[in-house]
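Sequence lines, in order, name chains E and G. Just so we're aligned, residue 404 is where the first sequence starts under our numbering, counting upward by one. Just so we're aligned, residue 3 is where the second sequence starts under our numbering, counting upward by one.
Just so you know, the hints here were simulated from the structure itself, not pulled from any lab data. Here the structure is a predicted model, which means the values were calculated and not measured. Treat the hints loosely; a few may be bogus.
Stated by the list, open to error - Lysine-lysine pairs mimicking DSS-like chemistry, simulated, CA-CA at most 30 Å apart: (1) G:K268 - E:K582; (2) G:K268 - G:K245; (3) E:K655 - G:K347; (4) E:K600 - G:K245; (5) G:K334 - E:K425.
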Amino acid sequence: MNLQFDILVVDDEQVIIDSVIKIAKMEDVSIDSALDVPTALIKLETNNYNLIFSDIMMPGMDGFQFLQEIAQRKIKTPVIITTGYSTLDNTVKALYYGAVGFIPKPFSFDELSSIIKRGLRYNALLKKMEEDSSALFFIPCPPKYLRLGFSSWLAENYDSTVLLGTTDILLKLIESIEKVELLNVDDGLKQGNECAKIFAEDGLIHTIYSSVTGRILEVNEKLLSNPKLIEKDPYFEGWIYRVLPSDLENEKSQLISCSSD
Amino acid sequence: MFQKIAFKLILVVSITSISIIGIYSYFNIKSQSEVLLSEVERHANQLSETVKNSTRYDMLLNQRERIQEIINTIGQDKAISSVRIMNKEGIIIYSTNKNDIGELLDKNAESCYVCHAKDEPIERLEIKDRTRIFKLFPDSSRIMGIINPIYNEKSCWESECHAHPEEATVLGVLDVSFQLDKVDAQIEVNKLRELLFALISITAIGLVIGFFVKRWLDKPIKELLKATDQIAVGNFNYTIPTKRNDELGRLGISFNKMTKKLEDMKQQIFQSDKMASLGQLAAGVAHEINNPLTGVLTYSSFLLKRTKDNPEMQEDLNVIVRETLRSREIIKGLLDFARQSVPKKNKTDIHEVIERANKVVINQLKIKQITLTTNFGDMLPQIVADANQIQQVILNLLLNAIDAIEKKDGKIVVTTSEISLSPKGITHIKEAVCNKNHSLLDADYKLEGTPSIRLKVKANGTEGFINLDPIYGRHKHYFGLSINKKSSIDLKCPQCNITLIDKTKTCPECGGPIYRIPIPKMGFLEGCASFNDEWQSWDAVDFGGDKKFIEIKIEDNGCGIPPENLNKIFDPFFSTKGQKGNGLGLSVIWGIVDNHDGTIIVKSEVGMGTTFIIRLPE
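Using the sequences plus the hints, can you model the full thing?
Dropping the structure here:
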């Protein structure tokens, strides 16, 4: 009974499952589905999946409990979290509990396919790493940095400002960058809110969620003329914003320390 | 009734007046009776002396018949009950009553007892001791008896009859008795009169007190009770008439103040409740609607991919995708509203936004037969704005206009233009500090919704506060104390007392002192500190010259807004649509426009229509 699927969709709404199936068909991706978390866990025991796509609010166990359960059972399959109640808290919490991506409902065809592709690529990356543990497939973010999932990192400066950028893993999961769309100086940032968009050469758009709340003091102008700079040096020269944080101490507890990677 | 204060008060006053008048009457009657009796006593005494004196000569001559005759004559007076003369042995010698003559009186008889109560008889008697009041029979009227001892005198033992020895002190006793029935009758009349007076005055006091208590206490208390009952059932708009200036009148005034405060608090609680439930509602709606919306969005975008060779269908599908994306933004906006998020500003063509909003209401316009005209200005520049939020603003204003039009041939005109406005009168001073960096903004005292600038002021030796208008050049300052505009004045930071007067400069209009308030990152705000004239200067703003705005005017010929509601329409939850509206519309609109550093103005005339003017900075 060991079946192989690309994606396991877990959602209590059939229309969501149907929507994902519709899009998956276009992309030639195989789909299995479960209407609740216990069913999904049973399926995970017997079948093999490359990616899990799960809702948060479901009867019985919710998406966060599902994430914890997956971590406990040492299931390596990456998880993408979606929700109709897309608060910043939910975004941050999902990424903190180990989701590789977050996508708020309702999503369009392109948004869903870009995040699914990223998820599948991540899984492929994990498999490659298993095969060849000596090779370095991505640069981990430096110790002392903190990160919001794989979406964005945060580095504290001595002058009480912080730098924000995106992780190399995320960059390895997307096609080469065509352009970036950034906010302006003096705009407000909120932890968990969208803060930048990366347009890849394959036409997919990837959203970066902010790791910190505060005011943008400086935007890395070099990125606008030379977006490839992020790929070259994501942790130093390729920073995105310099931010004056407003609630740093609190928010740090929501982030994953890079020294544990 | 017995629990009422008025009744208790009347009862207490009545009991007190009954006691006082009662006690007064009692003593009054008593003293009147005593006066009357002592008058009678004095009279009796006189009479007794007269009898004694008029019989004296006859006694000396021992003419007994004449004595008896005199006594008889005196005894004829109706007021006199009897006249008797006893000798030393107690034998009645003369009497108006012939039967008594020769009778021996016992020492214990009431007329003898006064002197013979002790073993040794008293020889001298005080006048007050000589009288006694008694009744012959229990039902007969009172009688006053007066005894008058007849003392031995030289002429008695020297007279010819030699009837009395020289050693005797008292020779006999003259006893005159008076009828007291008339006096008693008089006393009775007095008592009755007193009683009547007491009754009348108690009733009068009761009535007068009752009348005024009813007027001064009962009625206002009833009004207060009525008001508390109204408040108990939740009617905070009930006010007590407060014509009176006594304590209850003042109580009424403070009661009205209290109800107003309660009303405000109720509103606030109601609002925060509404906000909380709105948050929950938003969460619920977001979750519930986002799932079906996902279906719409994915399926329509899926169809869009599959029909690339059918441009007609693509166009229609694009509308579905675009509008679904807008719904997504609206729901996100709903969630963001609860979290007060910042607008996502991009270069926006305002005409495109207006056209999109117009398309949404096209059906409603058709149903109500309203003509919508657009007068777009030429070559308007793009502005940096959140297109979705601005579309929401226009859409809401259009929907309000449609709701306001009831008659036929309704008209809505949307006009856009580019205008230049002097920064004076529109630039909002959002920060102001003293030279030691203390913030001067006073969020507790707002002028037309924006926190004012609070300064300590010292003029003519008195200290107070001024709240400066936070709109540069508008001059709707609030003076916490009256200032003689020609007097010397000192303006200080309320926190550290550092002066804000710039002594190196004078007002170019009146030559008086000027204030100089640091505005962080924006230089200094200067102005005439004697408030003689309206000179104000703010270089950072003035050098920028006139500011350019895009003005969007939405006019309707609907029912209009009554003047009393005009300044309330932007309050959260103010609604005239009753159940139909949720009261959020215009306050959200105000919030969005304010977030864009814009202004929104409303002009309206009942029956003629309403015009909303939105100005967004370029």
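To see whether the hints hold, each was checked on the structure:
Between G:K268 and E:K582 the CA atoms are separated by roughly 53 Å; this puts the pair beyond 30 Å, and the hint is violated. Among the hinted pairs, G:K268 with G:K245 is consistent with the structure: their alpha-carbon atoms are about 27 Å apart, no more than 30 Å. For the given pair, E:K655 sits about 28 Å from G:K347 by alpha-carbon distance, which is consistent with the 30 Å threshold. As the CA atoms of E:K600 and G:K245 are separated by approximately 69 Å, the hinted pair breaks the 30 Å bound.
With a C-alpha separation of about 25 Å, the suggested pair G:K334 and E:K425 falls inside the 30 Å cut-off, and the hint holds.
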